[in-house]
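Produce the complete structure using the sequences and hints provided.
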Amino acid sequence: MSTELTDLSLLELSNRLSEGTVTSRDATEACLRRIGEVDGTVRAFLRIDAEGALARADAADARAREGARLGPLDGVPLALKDNFLQEGRIVSAASKMLEHFVAPYDATVVQRLEGAGAVLLGHVNQDAFAMGSSTETSAFGCTGNPYDVTRTPGGSSGGSAAAVAAREIYGAMGTDTGGSIRQPAALTNTVGLKPTYGRVSRYGVISYASSLDQPGPLTRTVADAAAMLQVIAGVDEKDATSAPHAVPDFSAHLDRGVEGLRIGFVREHLGDGVDPEVRDALLAAAEAYEAMGATLVDVELPYSRQALATYYLIATAEASSNLARYDGVRYGHRAASPEDLNALYARSRSEGFGPEVKRRILLGTYALSAGFYDAYYVKAQKVRTLIRGDFDQAFQKVDVLMGPTSPVPAFKLGEKLEDPLAMYLMDVFTLPCNLAGLPGISVPCGFTGGGLPIGLQLIGRPWDEAGLLRVAAAYERHAPHHRRAPTL
Amino acid sequence: MSRLTLDTVRHVARLSRLALTEAEEEATRKELEAVLAAMDAIAQVPTEQVEPTSHALLIGALWRADTVRPGLTNEEALANAPQARDGSFAVPRVIE
Amino acid sequence: MPIADFQPVIGLEVHAQLLTDTKLFCGCPTSFGAAPNTQVCPVCLGMPGVLPSLNAQAVRFAVRTGLALGCRVREQSAWSRKNYFYPDLPKGYQITQFERPICEGGALVVDAPSGEIRVRLHHIHIEEDAGKSVHDAEGGASLVDLNRAGVPLLEIVGEPDLRSSEEAAEYLKALRDVLMYLGVNDGNLEEGSFRCDANVSVMPKGSKTLGQRVELKNINSFRFVRQAIDYEIARQVDVIESGGTILQETRLWDTVRGETRAMRSKEDAHDYRYFPEPDLPPLRISPELIESERAQLPELPRALRQRLMSQYGLAADVAGVLTSDRALVTWFEETAALTPDARRVANWCQGELLRVLKETGTSLQALKMTPAMFARLLQLVENGTLSQNAAKDVLDEMVRSGREAQVIVEEKGLGQINDEGAVAAVVDEVLGAHAAEVEKYRGGQQKLFGFLMGQVMKALRGKGNPQLVNRLLRDRLEG
Ligand SMILES: [Mg+2]
Ligand SMILES: [Zn+2]
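Residue numbers (my numbering), protein chains in the order written: chain C, 1 to 488; chain W, 1001 to 1096; chain E, 2001 to 2479.
For the record, the hints were derived by calculation from the structure and aren't laboratory data.
Don't take each hint at face value.
27 Å max Cα-Cα, derived DSS-like pairs, lysine-lysine [said to hold, decoys possible]:
id, chain 1, residue 1, chain 2, residue 2
1, C, Lys412, C, Lys96
2, C, Lys412, W, Lys1030
3, C, Lys96, W, Lys1030
4, E, Lys2440, E, Lys2392
Right under this line is the structure:
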C-alpha cells in the first residue's frame, strides 16, 4: 500500500486529499516509511522533522474535512534543499560551517509553502553551499542516484532530485545558479524548473551567487512543477531583485500542445563532448515535437561557448563576497582558542569550508582583486551582455529553445571529484540560462541502454514560464518517461 | 594571461581569510592556474563597445517604507553565537 | 623651514547619520543608547540568506542634501560592496556606493572669520554603518554590538580646499547646520551621528605639488578637529624637517594623549575588491522625486543669516547665534512680527531666552511660552512697565509656569511705579531726610546724585521707573 501511495504524483495525491480518499497523515507516514526503506541507500535526507510534519499533516486533514483546503499543496509532503531557512530548524547548506546553525527565521519560499499548507518533511542533501554538480561536496556524505546508487544524482540539488525520483517525497525545492536544479533533474528522470531570475524570492535562501541564484521546484511531472511554482512565485519586499510582474496561472496552458509554436534547436549543444545516447534522445525529442505540429528552427548561440568561463568568474566573485559572513563570530563553526582575530577568521573558515568552496572563494577573490578586476570580472560581465544578446536574437525567431540538459548521463561517484574542470563542464548547457536570467526546465527524455535517465532542457523567454511549461507538458504527454520508476 | 605565483596565492588566501598549508598553497596554485587557463578564452572576445551586465533582467527596484519592524531579542540574536558575553559577540581582542 | 613656511592642505570626509526611523536595509530602529544587540534582526546581523531592502526615506534624504549643496543628482546610481573582514562588519562587506554615487559635484560656501571659503564637494554617497566593538573588556576579548550596523549614513566627501584647522572647523559647523536645517541629521557629534575623517598634507608655501596625505580618524568634536589637524600638521613638518618622508597611512586621534598614531588594524595594504552589489538593482531616481524634494527645500543657514541682517538690521554675530538653531529663528521671526523693535527681540532671543532654556533644561519645542506671550513680555519692557532686570525674572517665571507676563507682574507686584505724584512724594521725603547730602550736592559734590537716587529707589522697593525718578530728583536738586 505504501509504495502505491508514494508513487502518486503531487497533483494525483492532492486530488485524493480533496476527495477525502487519502489523508495527509497517510501520505506523510507513507513518505516516512518509504524513506525508512530506501534512504539508507539513496542518502537524500539530512534531517527529518517527522513530528512537525505529522502535526502539519493533521492540521491539513482537519482543513480537508471541513472542505477548507488551502489549495493544491495543502497536506502534500515536500522537502527542502538544505539552503532554505526554516525557523527553529538546523539548516547547514550541507557544510560543516553551519552544521549546528539553527535558523532564526523562515525563507519567503518556506513561508509561502507553509502558508499553502504544504507538509515540510525535512532538509535534503546538496553540494556544500550549492557549489558542485554531483552532491559530492556535501560535508555529510554523497547522495546516490536512485537509478544507480553508485552514480551521482547530479548537483547541487542532488538530494532534492534523488528524493523525488526515489518516491520518498512528492516534490522538493532546489536552487539553480548554473544548472543546479535542471542538471540533477536530468540525471534522475525528474522535472526541474528554474524560473526567470526574480520570479521567486531568494530571501532566506543561503546565497551562492546572488545575480544567478534562483529557487525552483523539482517534481515528477510538469504539472506538479507548475503547481509548486504557483505558490512560491511573486514579488517579495524582502528581496529587492524580486520582480513586481503579475504572476500568471502557470497551469493554464499545460494542455494546449505545441501546434504552431516555433522551437529553436541549439545545434552547438549536440557537438563534441555530448554522449551519443544523449544526442540520439534529443534528436528523437525534436522529431516528436515536429510530429506534434511544432516548427523546428536551427538556432545559434555563438557566445554560449564563453558561458563556462563567464559563469565561473562571476559566480565565484559573488560567492567570495557572499561567504565572507562565515567568520565564526555570530554563528557557524569557530576554531578552538584562536590566538588572535585573524587566526579566528582564517582557522574557522579553513576548518568550516570544504575544498570546493575554498577553491571557489580563492578564484573569486582573485577575480575581484586589484590588478585583475578588469581583466576577469568586468570582462566576464561584458561577455555576459553578449550571451544575453544571443538569446534576445534567438527569441525573435522562436518561442522556446531546446537542447540536452547535461552532456552526459549520471557518472560514477568519485569519478570527477578530483578534476574541477571536468566537473564544471557538466553545467555547460545549463549556465547560459542563468547568465541571461531566463527560465529553463529539464524534463525526462528517455534512458540510456544502461538505464540511466536523460534530460531535455527547454529555455523560455523571460517571464514566460507558462509557455515553457506548456511545451514541456506536451513532450511529457507524448513520451511519459517519468512513469519509469527506479528499482530500489 | 598572468601565470600564478605562490605569492599571489598567499595574497589571495590572506584576503579570503583562508589558511593554507604549504602543500595546499602549491596545489591551489596549480588548480587555479588550470582553471584560469580555461577562463582565458574570454580574453579573446572583443568587448570594446559592450556594456557590462551586473543584473541580467532588472526592472524597477523595490523600496521599503521607513517603518520599524520587529527584530530579534538579544537572546535570539546571540543564540547561534559560538562565544558571547554581556549581550555581545565576543572575539579575541582587537587592537586598533 | 619653520612651520609657517608650510601650507597645510585639508580635505574632510563627513559621515552623517540620516535621521530615518529604521536602518538602511532592514526595519530595525536607529535610536542611540539601546542595550547591546537589541536593535538587530537577521538582516543587520548578516545571517545566512538575508537580503537588503532599501529604505526609501534614506534615498529622499540623500537627494534633498544633494540638491541643497548644488550637486548633480544621478538619475541612476549603483550600489557596491566594499569587502573586508572586521568583527563589527557582519556580512564581511559594507554596502556602499563607489563607481556611481548618488550625488556628484556641488559646493558649500562658508563664512569664516578669515573670510568666505568655498569648499567644493567631490561627491556624496549613501552607505551603511558598521557596528561597534568594545576593546577593553576583561579576558583579552573585544565585544561586538551590532545595533549600529546598517544605520544609514551619508558620506560627504569634500575636495582639499581647506587651508587651516580653523577653516576645517568652520566648514564642519556650516555643513552640520545645513544638514540639521534639512532635517536629515541631528548633528550630534558625541553620539557619533556626525563624524569626520580628515585628509591632511603639507607642502612648502607656493608649491603646486600636494604632499603625501595622511588620513585621520576618530575626530568626534569640533575641538578635536582643530587639535588633531594642528598636531598632524606639526608632526608632518617635523618629519619633513628631519629628513623623513610622510607615509601614506591612516592615523587615529588619541583624545587622551592628544596625538595621532598609526592604526594597527589598517596595517596591511587593503584591497577592498569593490564590485556592483548583486543583491540590489541600480538606484533609479525619478525626476518627480527630485522635483518634490527641490520644492520642499528650506532656506539654508547662510541665506537665512543674510536675510536676517538685511530684513531686520541684525548684526552678523547676532544673526549667527540665531541661525545656529533653525527653531530659534522661527521663534524670533514670530515674535518680531508682533513687536515694533526686532533688534530688541533678537537680543532677547540670543541672550535671555537661550539662558533660561539652558538653565531650565528645556527646548524651544517643549516651551510652554508662545512667541505671542514673549512679545507681550517685551512690550512691557518697551512701555516702561518692567525694567530689564524685572523682565528677566518674569521670563524665568513664564518659562517655568507657562503663565502670561501681565499675570505674573500683577501677582508679584513687579510693575514699575510710573505715577508721577507718588514718586514725587517719595523724592521729597528722601530729600527732607538727607538735607546734609543735598547741601553738599549743591555745593558741587555731583557724585552724591547716585546716592540720593539709590535712596529713592530703596524707598520705592526698586520699582520706581528709573527715568522718572531721575528726572524728578534732578528737577528738585537743580531747581
Ligand atoms: Mg565611508
Ligand atoms: Zn536589522
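Verification of the hints:
Restraint check: the Cα-Cα separation between C/Lys412 and C/Lys96 comes to about 24 Å, which is no more than 27 Å; the hinted pair holds. Distance restraint check for C/Lys412 and W/Lys1030: the Cα-Cα separation of roughly 25 Å lies within the 27 Å cut-off, and the hinted pair is therefore satisfied. The hinted pair formed by C/Lys96 and W/Lys1030 meets the criterion: a straight-line CA distance of about 26 Å does not exceed 27 Å. A hinted pair counts as satisfied when its Cα atoms are at most 27 Å apart, and E/Lys2440 with E/Lys2392 does not qualify at roughly 37 Å.
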